[in-house]
Amino acid sequence: MKILVPVKRVVDANVRVRIGSAGGVDTAGLKMSLNPFDECAVEQALRLREAGVASCVTVLTCGLPVCQDVLRTALAMGADNAVLIDTAGASPDSLGIARLLHAFIGADTDTDAYGLVLCGKQAIDDDIGGVAAMLAALLGWPQALNASAIEATGSSWLVTCGDDAGTATWRLDGPAVVSADLRLADPRRVTLPSIVKAKQKPLRTLDAATFNVALDTPIRTMEIAEPAVRQPGIKVADTAALLGAIGSARLLQNVGA
Amino acid sequence: MRSLVVGEWEDGATADATLRVISAAGGRGVPVDVLTFSPAMANAAACIEGIGRVLLASGDIANPETLANLLQHIASDYSLIATSHRTTGRAALPRAAALTGNAFLADITRVVTAQRFVRGLYAGSVVATVESTSATLFATFRTSSFAPASANGGAAPIVSLDPIAPFAATVLIDRQAASQGGHDLSSARIVVAGGRGLASKENMDKLGTLARNMGAALGASRAAVDAGYAPNAAQVGQTGKTVAPEIYLAFGISGAIQHLAGMKDSRIIVAVNKDPDAPIFSVADYGIVGDLFDVMGELNAHATGNAP
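Quick note, the sequences are listed as chains A and B, same order.
Quick note, in the working numbering, the first sequence goes up one by one and the last residue is 257.
Quick note, in the working numbering, the second sequence goes up one by one and the last residue is 308.
Next up, chain A with everything else stripped away, as it sits in the complex (with noise of 0.2 Å):
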């Protein structure tokens, strides 16, 4: 059995954005990164294939070719294989990358199947979380998103995952879409060599337009600008200066309730 990871080529997380004089966010010279979400998932993968759950690791991206670089550090961590599917001109949505995953998958002809797809639960970008879903709808397959545990039993998957007020385990018959929380797999750090070894791993590029998908979003972005800044605030002594400042009844008109 086979595990896909989809992966996302996002702005570093530490790195502040600002809008561009184009009115959208200028991401030019900012430094990129893998998804932190994405790289949980592939930490995830690849224990799952050392532990002989899966025979083989694939990490594959949609975008254009300047994201191979995540590609290469997801195998530098010891992915076996990675493919960009180059989207050229396009830029789809959540549901226009779920095609493109679903019809990859569905041209598979390998005896040996993907039985999981592993990725992480929202791209740090656009916030939106729609991928996996969408994915496992396109399939047919079973899912769980935001996962902070994951076995494999028998022909099952036990996922655990946050939920509203806790943690939810749900069992997964057959292959399975599974979105990771931060906290599924604390990725390991790359080292040099494999750095060096990842140049030699293979790297497939595949043309979005060969796997006959609709692309177009029906989404457009109107405006893009800050969020409102907040007024300065001040500093006070202490508690007694804190409760004078904000009244004390307003920050304890809670206290028995």
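Think of the hints as simulated: they come from the structure by calculation, not from any bench.
Nothing false has been slipped in among the hints.
Only some residues are given here: those of chain B computed to face chain A with a beta carbon under 8 Å: (1) Val126; (2) Thr129; (3) Ser134.
SDA-like cross-link-like pairs, simulated, lysine to any residue; straight-line CA separation at most 25 Å: (4) A:Lys235 x B:Pro279; (5) B:Lys241 x A:Glu226; (6) B:Lys274 x A:Asn14; (7) B:Lys264 x A:Val229; (8) B:Lys274 x A:Gln231; (9) B:Lys241 x B:Gln176; (10) A:Lys235 x B:Asp291; (11) B:Lys206 x A:Ala249; (12) B:Lys274 x A:Ser248; (13) B:Lys241 x B:Ala178; (14) A:Lys201 x A:Gly115; (15) B:Lys241 x A:Thr169; (16) B:Lys241 x B:Gly228; (17) B:Lys264 x A:Gln253; (18) A:Lys197 x A:Cys56.
Treat the numbers as computed from the prediction; the structure is a model and nothing was measured.
Glycine residues also receive a C-beta, built at the ideal position from the N, C-alpha and C atoms.
Given chain A's structure and the hints, the job is docking chain B onto it.
The following block gives chain B in isolation, referenced to the frame of chain A:
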């Protein structure tokens, strides 16, 4: 065209989150229907002010996959299918969107027109106004950005839906609620949150006691959750919950952008940190540079009526 809000039920009543999504959807200026999952829930939803009709699902909707199948069957009646930005909606709505070939948007914070919405990108570092031409848009809404609709005053008809075949390959094995001090985080008027500066689970438990005594909810930064001081469900930020209480008190939280994304819409922000350069002070209305344990102790004395 109409909007459909997928209802949630909490503690024997329509969830506050649902009332807020109903008022958000109402901003589109088209009739709003509510999807419910039990007769009691349907009867309560029928009383919500301004509701067009209440849909009552039959059978057990045991997983998000089954809910998505149900939404697929009724989607063509709606130009928007909405839920709160919580676990069920985040799982079921994108799935239903893909099943029907429609778009999905997450965490909408403002409704501009029937097709135009505002949402944050890059952990809220920028806000985007987007327009959808999707036949049915599937979207989750940030509940703290909208006032709740009134739970009374309506008299909507209840329409029973045909049963839907359950999706059998996903089975809930266990659900565990994290033990939390104080009130529910997402709807609390006051949130007391702790970060890595608390330095131990014992200290976080003390902060939980303070939260309880103040009638507040306990939140935590990711650093504190990762260190094991607080449960995952308490996490506030880009990957956790988004809160906008009347007062947010941050103890020992440095204020990474990912944390600020989850709390910067709070009405009043108080930060207590020993580092005067901590980024949290840039969003705080009131800051105390000093020992957080002193402030915790003094606040607790006030909350318990033991202040000197």
